[in-house]
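Quick note: the sequence shown uses our numbering, first residue 28, plus one each step.
None of these hints come from the bench; they were simulated from the model.
Worth double-checking, as some hints may not be accurate.
Stated by the list, open to error - Straight-line C-alpha distance at most 16 angstroms; calculated EDC-like pairs for lysine to aspartate or glutamate: (1) Lys-125 x Glu-90; (2) Lys-124 x Glu-195; (3) Lys-253 x Glu-90; (4) Lys-129 x Glu-100.
Claimed, not checked - Label-pair distances were calculated between CB atoms; the ranges are: (5) Cys-222 x Asn-86: 39 to 49 angstroms; (6) Gly-38 x Gln-162: 38 to 48 angstroms; (7) Gln-225 x Asp-264: 23 to 33 angstroms; (8) Asp-168 x Cys-222: 34 to 44 angstroms; (9) Asp-198 x Lys-37: 31 to 41 angstroms; (10) Lys-128 x Lys-152: 38 to 48 angstroms; (11) Asn-86 x Asp-153: 15 to 25 angstroms; (12) Glu-246 x Arg-179: 18 to 28 angstroms; (13) Met-260 x Lys-152: 38 to 48 angstroms; (14) Glu-148 x His-101: 38 to 48 angstroms; (15) His-200 x Lys-261: 20 to 30 angstroms.
Fair warning: this is a prediction, and the values are worked out from it, not measured in the lab.
Where a beta carbon is used, it is the ideal one built from N, C-alpha and C, also for glycine.
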Amino acid sequence: MILHTSIQGKGEPIVFLHTGLQTGLTDFEYQRAFFQRHYQVISPDLRGHGHSVVSNFSNFFDESANDLFETLEHVGIDSAHIVGGSIGALVAIIFAKKHPKKVKSLTISGVMPLKPDNWEELHLKDIEQQSHLLQKEEVADYFNQIHRGDWREALLITQDSTWYPFHEIKDIHALKMPILCIVGEGKRDEIEGACYYQEINSNMHIAVVPFAAHLVQDEQPEIYTKMLDSFLMKYGDANIKMGEES
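All chains should be modelled from the sequences, with the hints used to inform the complete structure.
In structure tokens:
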């Protein structure tokens, strides 16, 4: 499907893939405002989120990667820098494996390529936290406002303990593009995963951010943005010194 997409700015294309239950316009807000001064910033709503309404959530990650390919083809983007957080990062990795020629560079955060020994326990805790959060009326009202479809259906894909695509994101040794993995110091499983990635792929760079956990781009937006900026300056087509303009 062609994803509902916002495009801002001009220059080298950079795609931001949002976290679960967010949208292209509610996530990576600080980063989008920063990079749209010198880049073409592309912000799609993943399937089942925002205005990208679907009723079928089977094979979510594989179909989401297909959606992104169709969307970039539709808007005439031959290749782009791909940036994703959490669920968006999972989609980004699978997309890069399926369509490497479409990816100039890959930036990911909030991923666990290695299945933790206590995964079942962690999964149950996540479900409990989600249930507690959604009991709050203001939270449900917020999601009702930003999503056109049934956002609760999108949430259901995480209820099964087998939902996380460990087997698909673990093997990235064949990826040839530059990769940046940004992790918060508060997520040990994600730090271990980043170190594992670096062991199997020499194109991998790692950045550990203090005072942050899973959602690094929100918890430390300035540090995250500076790291991404430096990465894109090194591997982008244009050597643009960003951040100097007010």
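Evaluation of the provided hints:
1. Lys-125 x Glu-90: 11 angstroms, holds
2. Lys-124 x Glu-195: 9 angstroms, holds
3. Lys-253 x Glu-90: 32 angstroms, violated
4. Lys-129 x Glu-100: Distance ~10 angstroms between Lys-129 and Glu-100 Cα, so the pair holds.
5. Cys-222 x Asn-86: 39 to 49 angstroms: Violated: the Cβ-Cβ distance is about 30 angstroms, outside 39 to 49 angstroms.
6. Gly-38 x Gln-162: 38 to 48 angstroms: 44 angstroms, holds
7. Gln-225 x Asp-264: 23 to 33 angstroms: 25 angstroms, holds
8. Asp-168 x Cys-222: 34 to 44 angstroms: This hint holds: roughly 41 angstroms between Cβ atoms.
9. Asp-198 x Lys-37: 31 to 41 angstroms: Holds - the Cβ-Cβ distance for Asp-198 and Lys-37, about 36 angstroms, lies within 31 to 41 angstroms.
10. Lys-128 x Lys-152: 38 to 48 angstroms: With Cβ atoms ~39 angstroms apart, the hint holds.
11. Asn-86 x Asp-153: 15 to 25 angstroms: 21 angstroms, holds
12. Glu-246 x Arg-179: 18 to 28 angstroms: Since the Cβ atoms of Glu-246 and Arg-179 sit about 26 angstroms apart, the hinted range of 18 to 28 angstroms holds.
13. Met-260 x Lys-152: 38 to 48 angstroms: The hinted range 38 to 48 angstroms holds for Met-260 and Lys-152, with Cβ atoms some 39 angstroms apart.
14. Glu-148 x His-101: 38 to 48 angstroms: Since Glu-148 and His-101 have Cβ atoms about 42 angstroms apart, the given range 38 to 48 angstroms holds.
15. His-200 x Lys-261: 20 to 30 angstroms: 22 angstroms, holds
Going down the numbered hints, you'll see the structure goes against 3 and 5, while the others check out.
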